[in-house]
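Going down the list, the protein sequences come from chains A and B.
So that you can map any letter, position 49 of the first sequence is 453 in our numbering, and since no number is skipped, the others follow by simple counting.
So that you can map any letter, position 11 of the second sequence is 64 in our numbering, and since no number is skipped, the others follow by simple counting.
No lab work stands behind these hints: they were computed from the structure.
Owing to the predicted nature of the structure, the values given are computational and were not obtained by experimental measurement.
Backbone N, C-alpha and C define an ideal beta-carbon position, used for all residues, glycine too.
There may be inaccurate statements among the hints.
[Unchecked claim] Taking lysine-lysine pairs in the DSS-like style, the calculated list, with each CA pair at most 30 Å apart, reads:
hint	chain 1	residue 1	chain 2	residue 2
1	B	K114	B	K140
2	B	K56	A	K423
3	A	K535	B	K75
[As the list claims (entries may be wrong)] Partner residues are not named here, just some residues of chain B that face chain A (Cβ under 7 Å, in silico):
hint	residue
4	L121
5	T122
6	T155
[Unchecked claim] Label pairs and their in silico Cβ distance ranges:
hint	chain 1	residue 1	chain 2	residue 2	range
7	B	T122	A	T573	28 to 36 Å
8	B	P156	A	V632	36 to 44 Å
9	A	Y568	B	L109	23 to 31 Å
10	A	F579	B	G72	33 to 41 Å
11	A	K516	B	L74	39 to 47 Å
12	B	A81	A	D497	35 to 43 Å
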Amino acid sequence: MSNAEMQGARILRFHTSDKVFHSINAICWYALFFTGAIVYFGNMMGKISDETANLLMVWHIWLGGLFTLNFIGYVLFAPERFAVTMKNLLEWDKNTILWFRNFGGYPRRFFKIPFGPVEVPPQGRYNGGQKMSYLIFIAAVVYLIVTGWLLWMGAPLLGKTVFYWLFMTHVWGSFIVTAMVTCAHIPLALLSMEHFKGIWRIGSGDISYEAAEHHAPTWVQRDVIKVVEK
Amino acid sequence: MSKYQYTERDVPALLGRRGFLKVIGLCAVAVVAAGAAITKLITSRNKVILDRQAGLYADDKRLQKMKLTSSHENDVCWQVYKDMNGKPVEGEMYKLNHTHYTPRSQLAMTEAEHHV
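Can you build the whole structure from these sequences, using the hints too?
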């Protein structure tokens, strides 16, 4: 694909299924985080009544159901998009590894820390950091769904020790991933408003050629193709 | 005319027809095995519940013979009322000897405080 030909062009990066999954997942995630955290810490500190805690847990369970259906729906009804995501996340080439030599140049850019070489190796659809964190996020989504259902419906069938550790990893695992999302994923996503608007706007999830070329040159070169009008 | 002129190449499906059938087959085996295990667990759990039920009925019978079917028939309770100069279901006695029901069905792991 010639670069000159693509100047000013728009590239469809986020399909409707990606956007719907991402939006519902993000909203449910924070709603689940707040309902769960209020009950957990509220009870620990004795600052919440049993009635309120019980009501919040009812909401938590309903939201968990929606969270589960959203993920299963994405995999079942948009398998081609799930396949694109997973293929790009699981493809670790040399440049993916080299990204970690300077963490995409972000420490140098934001904190003036001369970490690693100045040049960032060209990245594919996702850079090394995105690949690592998104794989963790997907694993966390699956783990929270499985443990959430086990804790709710399987409680009478689990031993006390299994129940305790499932509960602790469910709670603290979600806190750790929420911290990652809040402190890294969201601020870094805001660095490229083209991508941010692409995934969140109501309508087409396209981004500019310039943004794509800047963040994912290998993706543009290798995977982006011209739309054939039918 | 769409808003974009470029899109990304599709990737081959994660699973072909045979792969899909294999995964479905494995899922079916997993569901059946898990179903059998869960049924066994529930059956044994029900046995514990039935034994507990039988124990409670046996206790009831025993206490009926001793004329101790209600708390106000209990000598120890009467002694408490006497020592504290109170009467059943009266002011301070009610507060000290009764608890309130609070639904905790979704709070298995939380050590909720009981309201006295």
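Comparing the hints with the structure gives:
1. A distance of roughly 28 Å separates the Cα atoms of B:K114 and B:K140; the hinted pair therefore holds under the 30 Å criterion.
2. For the hint pairing B:K56 with A:K423, the CA-to-CA distance comes to about 16 Å; that is within 30 Å, so the pair holds.
3. For a cut-off of 30 Å, the pair hint linking A:K535 to B:K75 stands: about 28 Å separates their Cα positions.
4. Hint status for B:L121 relative to chain A: violated, with the closest Cβ pair at about 32 Å, above 7 Å.
5. The beta carbon of B:T122 comes no nearer than 30 Å to any beta carbon in chain A, farther than 7 Å, and the hint placing it at the interface is violated.
6. Hint status for B:T155 relative to chain A: holds, with the closest Cβ pair at about 4 Å, below 7 Å.
7. As the Cβ distance of B:T122 to A:T573 is approximately 47 Å, the hint placing it in 28 to 36 Å is violated.
8. With their beta carbons about 60 Å apart, B:P156 and A:V632 fall outside the hinted range of 36 to 44 Å.
9. A:Y568 and B:L109 have their C-beta atoms about 28 Å apart, which keeps the hinted 23 to 31 Å range intact.
10. One distance hint, 33 to 41 Å for the beta-carbon pair A:F579 and B:G72, holds here, with the actual separation near 37 Å.
11. Judged by the Cβ atoms, the range 39 to 47 Å given for A:K516 and B:L74 is violated: they are separated by roughly 57 Å.
12. Our hint of 35 to 43 Å for B:A81 and A:D497 holds, since their Cβ atoms are close to 37 Å apart.
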